[in-house]
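Visitor: So the chains spell out like this:
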Amino acid sequence: MKDRLTRRKWITTGLAAAGASGLVAAARLADRYGLIPPDHGGIYGAGETLTYATQRLLMSYHSLAREFDRSQISKVIPVNGPPPENETYELLREHDFKDWRFVVDGLVARPSAFSLAELKAFPSRTQITHQACEEGWSFIAEWTGVPLSYVLNLAGVRPQARYVVFLPFDPFWDSLDMPDAWHPQTLLAYAMNGEDLPAPHGAPVRLRVARQLGYKSIKYLARITVTDTLKNIGKGWGSYSPEIGYSWYAGI
Amino acid sequence: MRAGSVQAVVREARHCAVVRITHWLTAVSFGGLLVSGFAILLAHPRLYWGETGAVGTDSIIDLPLPFVLTGQSGWGRYLHFLSAWVCVLTGLVYALYGISSQHFRNDLLPARADLSWTCLSRVVSNHLHLKLATAEAFASYNVLQRFTYLMVVFVLFPFMIWTGLAMSPAITSVFPVLVSLLGGQQSARTIHFVVAGFLVLFLVVHVAMVCAGGFRSRVRAMITGYTTSINVRA
Numbered sequence: 021m022k023d024r025l026t027r028r029k030w031i032t033t034g035l036a037a038a039g040a041s042g043l044v045a046a047a048r049l050a051d052r053y054g055l056i057p058p059d060h061g062g063i064y065g066a067g068e069t070l071t072y073a074t075q076r077l078l079m080s081y082h083s084l085a086r087e088f089d090r091s092q093i094s095k096v097i098p099v100n101g102p103p104p105e106n107e108t109y110e111l112l113r114e115h116d117f118k119d120w121r122f123v124v125d126g127l128v129a130r131p132s133a134f135s136l137a138e139l140k141a142f143p144s145r146t147q148i149t150h151q152a153c154e155e156g157w158s159f160i161a162e163w164t165g166v167p168l169s170y171v172l173n174l175a176g177v178r179p180q181a182r183y184v185v186f187l188p189f190d191p192f193w194d195s196l197d198m199p200d201a202w203h204p205q206t207l208l209a210y211a212m213n214g215e216d217l218p219a220p221h222g223a224p225v226r227l228r229v230a231r232q233l234g235y236k237s238i239k240y241l242a243r244i245t246v247t248d249t250l251k252n253i254g255k256g257w258g259s260y261s262p263e264i265g266y267s268w269y270a271g272i
Numbered sequence: 314m315r316a317g318s319v320q321a322v323v324r325e326a327r328h329c330a331v332v333r334i335t336h337w338l339t340a341v342s343f344g345g346l347l348v349s350g351f352a353i354l355l356a357h358p359r360l361y362w363g364e365t366g367a368v369g370t371d372s373i374i375d376l377p378l379p380f381v382l383t384g385q386s387g388w389g390r391y392l393h394f395l396s397a398w399v400c401v402l403t404g405l406v407y408a409l410y411g412i413s414s415q416h417f418r419n420d421l422l423p424a425r426a427d428l429s430w431t432c433l434s435r436v437v438s439n440h441l442h443l444k445l446a447t448a449e450a451f452a453s454y455n456v457l458q459r460f461t462y463l464m465v466v467f468v469l470f471p472f473m474i475w476t477g478l479a480m481s482p483a484i485t486s487v488f489p490v491l492v493s494l495l496g497g498q499q500s501a502r503t504i505h506f507v508v509a510g511f512l513v514l515f516l517v518v519h520v521a522m523v524c525a526g527g528f529r530s531r532v533r534a535m536i537t538g539y540t541t542s543i544n545v546r547a
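Line by line, the protein sequences give chains A and B. So the first sequence is residues 21 to 272, counted in my numbering. So the second sequence is residues 314 to 547, counted in my numbering.
With the rest of the complex left out, here is chain A (with noise of 0.2 Å):
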């Protein structure tokens, strides 16, 4: 009697034993593979784990958001909040973003700063692209910019490189898993529909990502770091959406 009490005890603690670390074992092979998005604690948790790695996984370098023809582009085109109050933005702005520079740092062999003249005289790529805000409406527009994956190359970004974190003249720092950073579609963009980003689109240079959700295009960049971490900036989720309670990925 007791030698089968002690048999059951060993079997289903190593049948415990073995379950727990597959878990383990899986959470840290789907982490290495880049699966796990960095809001991926609380209730909600298991579900943005479930989307976001299903989408990683299904999406490729190629699979581009739809492109549009110039006559789709929209005529209303809404804005959500005013450009940033702060000073320094401010007179950035008033000097038509002459004295503004574009820093990349971080994981980079060579960390630089670009002026807005500069950052237009690179290669460009102009593309149609439909946004939905996650409110529910959405727009067309041309976007042309500067490929970040060209300003990444020009910099050197070191292998062990995760993410790439915006920081703007606003709240809303975001961030990019690498993929997402090296995409073709991913553009610095300083001009919508042939003219300069207007201010509260962006100016002078705004984020675009076309294969998520709009919150995820932040506006008034100014710095960009590549980092092998999230874990020391804000509250380590990722991005200041999520601190607002709104998730990181917005790839829906």
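Wrong hints could be hidden among the right ones.
What the hints assert, rightly or not - Computed footprint of chain B on chain A, listed as stretches where at least three residues anywhere in the stretch have a Cβ under 8 Å from a Cβ of chain B:
| no. | region |
| --- | --- |
| 1 | 148 to 155 |
| 2 | 231 to 241 |
Unchecked claim - Which chain B residues face chain A? A few, computed with CB under 8 Å, are given here:
| no. | residue |
| --- | --- |
| 3 | 369 |
| 4 | 482 |
| 5 | 483 |
Simulated from the structure, these hints should not be mistaken for laboratory data. Given the structure is predicted, the values throughout are model-derived calculations rather than measurements. Glycine is no exception: its CB is placed at the ideal position from the N, C-alpha and C atoms.
We have chain A; now place chain B onto it with these hints.
Guide: Using the frame of chain A, we list chain B on its own:
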């Protein structure tokens, strides 16, 4: 009760374990989807047709609801996707079971005889006269029930998943046909809303019929798997 009467508790198997478990998981996740879907809708209760739409453009429906822009769609989206995963994975288990166990063929597909005009009109007229829930009818589904469940399982839920995926810029970058077949991202959103309306209609009728047919016995059958009735004999 007269002295000397004999009571016999008759237990009859009604729903198998897979059907019961998937039924309640679907019920819970559908509740989550409904509440969170409503929270998301409140951020912009206008519906459009085509690719785009915003305040300042023509809508096809302006729902009589307030615009709630105080961040209710944040938790709404988190809960919506968590519930959607539970619902879809549950549905997958149910569908695989339904095919392999012949549950769909035996319990949901109407028999050819049931599709005759006389048979159909009798069932419809019974429903219209609220003649429901005879013991014999409880043992299996009538043709209207079968048709309704088939619609919900094979038309409405798949349409919800399709239109939901068609709103995702990430998914449509891989499968653009998901959204182009529907006529655009805003069309997908509108169809998502309309089909959700049909599912709510189903839920209301479903619960009403359960009440009409004997709430306790039917809910007990969906929990324990058995129907019990007490036969009293002299």
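Visitor: With a cut-off of 8 Å on the beta carbons, see whether residue 482/B makes it to chain A.
Guide: 5 Å, holds
Visitor: In terms of beta carbon proximity below 8 Å, does the region 148 to 155 of chain A have 3 or more residues touching chain B?
Guide: holds (count 5)
Visitor: Against chain A, with CB atoms and a cut of 8 Å, does the hint on residue 369/B hold up?
Guide: Holds, about 4 Å.
Visitor: Holds or violated: residue 483/B as interface residue toward chain A, Cβ cutoff 8 Å?
Guide: 3 Å, holds
Visitor: Per the coverage rule (Cβ-Cβ under 8 Å, at least three residues), is the region 231 to 241 of chain A covered by chain B?
Guide: holds (count 3)
Hint check: no violations occur; every hint is consistent with the structure.
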